Amino acid sequence: MVKKATFAAGCFWGIENAFRKIKGVKSVLSGYTGGDIPDPKYKDVIKGKTDHVEAVQVTYDPSEIDYSKLIEEFWKLHDSKYSGCLVAPLTKDQPQFGRHYQSIIFYHDDDQKEVATKALRDQEKSGKYDSELTTQILPAKKFYAAEEYHQNFFQKQGYEDI
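Taking this note's numbering, the leading residue of the sequence shown gets 2, the next gets one more, and so forth.
Note that these hints are calculated values from the structure, not bench results.
None of these values were measured; they are calculated from a predicted model.
Glycine residues also receive a C-beta, built at the ideal position from the N, C-alpha and C atoms.
Treat the hints loosely; a few may be bogus.
Stated by the list, open to error - FRET-style restraints, in silico, Cβ to Cβ: (1) GLU125 - LYS27: 17 to 23 Å; (2) ASP112 - LYS42: 30 to 36 Å; (3) GLU115 - LYS143: 21 to 27 Å; (4) SER64 - GLU148: 30 to 36 Å; (5) VAL3 - LYS48: 33 to 39 Å; (6) GLU65 - LYS42: 33 to 39 Å; (7) ILE47 - LYS129: 26 to 32 Å; (8) LYS50 - ASP110: 27 to 33 Å.
As the list claims (entries may be wrong) - Subject to a maximum C-alpha distance of 30 Å in a straight line, what follows is the list of computed BS3-like cross-link-like pairs (lysine-lysine): (9) LYS44 - LYS5; (10) LYS48 - LYS24; (11) LYS142 - LYS22; (12) LYS5 - LYS77; (13) LYS24 - LYS119; (14) LYS126 - LYS114; (15) LYS126 - LYS22; (16) LYS126 - LYS44; (17) LYS142 - LYS42; (18) LYS70 - LYS5; (19) LYS119 - LYS70; (20) LYS119 - LYS48; (21) LYS48 - LYS126; (22) LYS42 - LYS114; (23) LYS70 - LYS129; (24) LYS77 - LYS129; (25) LYS77 - LYS42; (26) LYS42 - LYS22.
Using the sequences plus the hints, can you model the full thing?
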């Protein structure tokens, strides 16, 4: 039986690419979530016309990978000290700005909420950060797939090894 996990951690292109490479992950979809406007479009999301954020929805097999391991990857993929200014793996020297780039773990059930909450507390206590983390833990809302040209973006550009 597969499960869903949803994460917002900056530009979805790099996040999708990283999760796609993890054993036990069956699929990753780039999209938008968190807002209430139905069927958001990229141009509206990046202009702040919706309350949606760029996110990825990961379908995984819990018999092959534990949800906590997906959260470990989430922490590696962005700088969770910043809200609206996250640093994606390919742009470490060029922060990405915008409300649509947030650090959010969207939970799909109480178990995910518990694991995510503990993981956030552990990160805060780790001493790795010199300022407060902005990561939010929120209930999953309807997830809208991004436009087709955003899906598998790096592979379409010939950057499979990134």
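Results of checking the hints against the structure:
Separation of GLU125 from LYS27 is about 31 Å and departs from the stated range, judged on CB atoms against 17 to 23 Å. For ASP112 paired with LYS42, a C-beta distance near 33 Å keeps the hint of 30 to 36 Å intact. Separated by about 23 Å at the C-beta atoms, GLU115 and LYS143 satisfy the suggested range of 21 to 27 Å. The given range of 30 to 36 Å is respected by SER64 and GLU148, whose C-beta atoms sit roughly 33 Å from each other.
At roughly 34 Å, the beta-carbon separation of VAL3 and LYS48 lies within the given 33 to 39 Å, and the hint holds. Taking the beta carbon of each, GLU65 and LYS42 are about 34 Å apart, inside 33 to 39 Å as hinted. Restraint check, ILE47 to LYS129: a C-beta distance of roughly 30 Å satisfies the suggested window 26 to 32 Å. The beta-carbon spacing between LYS50 and ASP110, approximately 31 Å, falls within the hinted interval of 27 to 33 Å.
Between LYS44 and LYS5 the CA atoms are separated by roughly 26 Å; this keeps the pair inside 30 Å, and the hint holds. For the hint linking LYS48 to LYS24, the alpha-carbon distance of about 35 Å lies beyond 30 Å, and the restraint is violated. Of the supplied pair hints, the one linking LYS142 and LYS22 holds, its CA atoms being roughly 25 Å apart against a limit of 30 Å. Restraint check for LYS5 and LYS77: the C-alpha separation of about 19 Å stays at or below 30 Å, so the hint holds.
Proximity of LYS24 to LYS119 is assessed by CA-CA distance (about 23 Å); at most 30 Å being required, the pair is judged to hold. Distance check on the hinted pair: LYS126 and LYS114 sit about 18 Å apart at the alpha-carbon level, within 30 Å; holds. The straight-line distance between the Cα atoms of LYS126 and LYS22 is roughly 29 Å, inside the 30 Å bound, and the hint therefore holds. Under the criterion of a C-alpha separation no larger than 30 Å, the hint pairing LYS126 with LYS44 is inconsistent with the structure, at around 38 Å.
Taking the CA atoms of LYS142 and LYS42, the gap is near 16 Å; set against the 30 Å cutoff, the hint holds. Annotation: proposed proximity of LYS70 to LYS5 holds, straight-line Cα distance about 14 Å (limit 30 Å). Taking the CA atoms of LYS119 and LYS70, the gap is about 13 Å. The hint holds against a cut of 30 Å. Distance check on the hinted pair: LYS119 and LYS48 sit about 33 Å apart at the alpha-carbon level, beyond 30 Å; violated.
The straight-line distance between the Cα atoms of LYS48 and LYS126 is roughly 35 Å, outside the 30 Å bound, and the hint therefore fails. A C-alpha spacing of about 28 Å is found between LYS42 and LYS114, which places the hinted pair at or below 30 Å, so the restraint holds. Note on LYS70 and LYS129: the hinted pairing holds, with a Cα-Cα distance of about 19 Å set against a maximum of 30 Å. Taking the CA atoms of LYS77 and LYS129, the gap is about 12 Å. The hint holds against a cut of 30 Å.
The suggested pairing of LYS77 with LYS42 holds, with an alpha-carbon distance near 28 Å, which does not exceed 30 Å. In summary, the hint linking LYS42 to LYS22 is supported, as the alpha carbons are separated by about 27 Å, within the 30 Å threshold.
This entry does not satisfy hints 1, 10, 16, 20 and 21, going by the numbered hints stated previously.
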